[in-house]
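Colleague: Protein chains in written order, with my numbering: chain A, 5 to 429; chain B, 5 to 429.
Take the hints with a grain of salt, since some may be wrong.
Put simply, identical chains are the same to the list, so a pair is met inside one copy or across any two.
[Stated by the list, open to error] Using 30 Å as the maximum straight-line C-alpha spacing, the simulated DSSO-like pairs for lysine-lysine come out as follows:
hint, residue 1, residue 2
1, Lys233, Lys327
2, Lys65, Lys313
3, Lys327, Lys313
4, Lys24, Lys313
Treat the hints as calculated values from the structure; they're not laboratory data. As the structure is a prediction and not an experimental result, all values here were calculated from the model.
2 protein chains.
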Amino acid sequence: MTEPNELTAVETVAAVAQGKLTAEAVVRSCLARTDAREHEVKAWVTLDRDGAIRQAQELDKGPSRGPLHGVTIGVKDIIETRDLPTTSGSPIYAGWMSMRDAAVVSMCRQAGAVILGKTVTTEYASRHPGPTRNPHNLAHTPGGSSSGSAAGVADRMVHASFGTQTGGSIVRAASYCGIVGYKPSYNAVPTAGVKPLAPSLDTVGPMTRSVADAALVYSVVAADPEAAKVTAAKPRRIGLCRSPAWPEAEAGLDKAFEEARKRLEAAGYSVTDRELPASMQDILAVHTTVIEWEGYIALAAERIGAPDKLSATMRETQANGAKHGAAAHQAALGRAGRMRLELDALFDEVDVIVTPAAPGEAPEGLGSTGKAVFNSPWTLMHVPCICLPGMRGPKGLPISMQAVGKRGDDRRLLAHAMALEPVLR
Amino acid sequence: MTEPNELTAVETVAAVAQGKLTAEAVVRSCLARTDAREHEVKAWVTLDRDGAIRQAQELDKGPSRGPLHGVTIGVKDIIETRDLPTTSGSPIYAGWMSMRDAAVVSMCRQAGAVILGKTVTTEYASRHPGPTRNPHNLAHTPGGSSSGSAAGVADRMVHASFGTQTGGSIVRAASYCGIVGYKPSYNAVPTAGVKPLAPSLDTVGPMTRSVADAALVYSVVAADPEAAKVTAAKPRRIGLCRSPAWPEAEAGLDKAFEEARKRLEAAGYSVTDRELPASMQDILAVHTTVIEWEGYIALAAERIGAPDKLSATMRETQANGAKHGAAAHQAALGRAGRMRLELDALFDEVDVIVTPAAPGEAPEGLGSTGKAVFNSPWTLMHVPCICLPGMRGPKGLPISMQAVGKRGDDRRLLAHAMALEPVLR
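Take these sequences, add in the hints, and give me the full structure.
Modeller: This is how it looks when you write it as structure tokens:
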């Protein structure tokens with residue numbers, strides 16, 4: 005029999021509901037896998053071994069608590085948990101206890117999930133990396149900022165995890181680790197109890213090993229039970245989009261992009277090349293203004309209170325942020341609002357956009373978690389994006405596409421992603 | 005000589021800089037006023053008497069720390085402070101210490117402000133009121149949700165305070181208490197460390213006794229030093245707007261609105277009636293969907309973890325929120341985005357909108373903090389709004405207009421508000 009840690013979340017819920025597995029057996033299986041691999045992967049800041057077993061034992065005493073009964077979840081360490089520290093990847097928050105659960109954590113517990121622990125994040129979900137390694141090749145970054153959430157799920161330590169995306173922190177890390185990563189529409193999932201980086205962009209979303217798992221977790225934290233009932237629906241018109249980040253494409257991306265086209269066409273889909281309108285060609289610069297300025301003011305207390313405890317990378321990011329100024333930031337927000345309407349119109353012509361999830365394979369080394377340029381335009385547009393893994397680059401590491409849907413139409417994107425998932429995998 | 009607590013923030017900074025006053029004398033004056041009045045007004049949850057004196061003594065030891073040197077500030081009790089509890093007006097958070105400063109608090113401390121304490125908020129900045137009374141008539145509400153922040157400033161206990169607005173919680177409370185209340189453009193001021201209610205709307209802003217004071221505090225927390233240099237600039241074209249909330253106008257509002265028109269015309273301004281376009285007539289319903297749904301998911305941890313510690317009002321609000329559903333919420337966000345562009349266009353035709361700040365005078369009794377209907381459309385539009393007090397209603401209580409500016413053009417709104425302030429007062 006497949007070890008419980010290898011199951012998807014959907015399979016786990018079914019197995020526990022049918023009495024084939026106890027929640028405790030599920031948790032112990034995830035912990036055993038973690039014991040075997042964590043010294044190399046380093047996905048966790050805090051692993052709540054005893055707490056997780058206790059949670060599982062409590063679940064096993066009663067009937068199903070809800071749609072996540074028995075599923076293990078890792079929580080990015082900028083997301084608050086009442087019983088574990090939330091360090092935000094910074095020495096300033098070493099041991100910091102908020103004494104409360106973030107909204108998404110509370111919703112998952114209520115639905116029967118077991119919180120396994122807190123996963124490694126870059127410093128404040130920005131650029132300075134943590135120690136996590138890519139399970140596919142330990143010499144490579146897992147991506148970021150949701151580094152531990154991506155690596156833990158990819159390495160079968162945990163069924164699902166939460167990431168957050170302000171630039172590319174869910175989808176890029178998922179791509180590098182070869183898993184599904186779902187950035188929902190903006191504000192579809194509550195950010196209460198999540199350390200803000202750029203509130204105009206910050207989005208919480210699930211990282212999983214299947215689209216169905218992403219839909220399941222999303223349905224709980226978006227309070228949208230309909231999303232859990234979504235089934236695969238073929239998009240009639242697929243727009244294949246290189247995006248304005250194409251000049252940053254790395255080795256293997258072009259080939260993977262054309263391979264995606266080939267697979268989609270071979271499966272009978274109508275695929276046309278679609279690029280963003282000319283009026284949106286500076287979208288990367290607009291995103292940079294928003295994320296850097298908002299990061300500058302959002303982290304004022306840390307910058308003012310303990311400047312020596314910021315990384316050199318963060319000090320540089322803060323200095324860049326300060327240069328934009330309040331007026332440029334507001335102008336960028338205005339531009340973004342107008343661009344969103346233009347992108348809405350593009351979805352009158354295509355049902356879904358398929359576009360690279362990252363510039364290529366996970367870069368070598370742990371000094372950088374890679375570039376968000378293939379993600380930040382969509383994050384700025386507030387549209388739902390989901391990483392669909394399945395290809396490999398020249399070094400044998402994952403290269404992924406992402407499916408991008410219309411703003412607010414998360415259920416439809418999930419349905420299309422379920423249809424595309426086996427085609428691209 | 006005027007008592008220091010009676011001075012504006014601008015006057016206080018000047019007096020301290022010129023050596024006419026010490027920061028300690030300023031703080032002691034504010035505390036003396038508070039001692040004389042707090043038993044009736046009940047503006048404070050936590051008054052940091054000793055801490056404020058210590059902060060002032062520290063300031064007096066050195067040169068000017070910055071643009072708020074010696075100014076006293078009250079902090080709405082949903083905004084975190086490293087040294088005082090943050091109760092969010094809820095028994096769930098009784099004594100809760102976050103051990104960190106919200107971004108705005110840290111920015112003010114760095115600029116030389118003295119944090120006097122935490123002011124009364126309604127429960128989670130929603131509807132269930134605290135004990136604060138209106139200083140103009142203790143039998144009336146001060147408005148909400150920034151109740152203590154409004155009353156404390158109006159009653160000369162403190163020079164300035166922070167409120168937050170998701171519906172009408174800054175401008176309406178300012179109107180009822182006869183002070184200036186400034187809701188900046190969305191995300192111009194960091195919300196880090198502020199308990200979220202509806203992140204698509206939540207905005208932090210200063211409550212003061214003059215527009216110049218609002219500009220001064222805003223310049224610090226928006227990291228926009230230019231805003232502190234703004235001087236009065238007459239708007240060429242004023243749009244007088246009854247707004248879609250006009251059917252909710254109460255006794256005295258019609259008269260005050262016409263009085264505002266008369267004063268503006270007598271001062272030589274070009275005033276024309278402007279209403280929101282027909283396509284925006286359901287703006288109040290769109291706002292209701294956003295605030296109630298986001299409040300429902302944002303407060304998930306509190307609702308799930310301690311349902312018996314929510315007020316009956318909050319339980320009702322949560323039940324209303326649950327009815328909207330995720331899809332209706334996303335549709336409402338889409339509508340709001342399109343409406344924002346329509347409103348941008350209206351500002352091609354007028355320089356500023358003048359519109360009621362509240363339905364009328366502060367309602368009698370403390371059971372409700374009044375209606376946000378004259379505020380929530382502008383909050384949804386992300387535009388800057390500033391309450392300009394100066395009129396009185398049939399019961400002798402304040403009735404105010406607000407000036408509304410173009411999204412992102414906070415400096416220009418402040419300049420126009422400085423010009424209109426003496427005309428309307």
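Colleague: Any hints from earlier that this structure breaks? Give me their numbers in increasing order, please.
Modeller: 4
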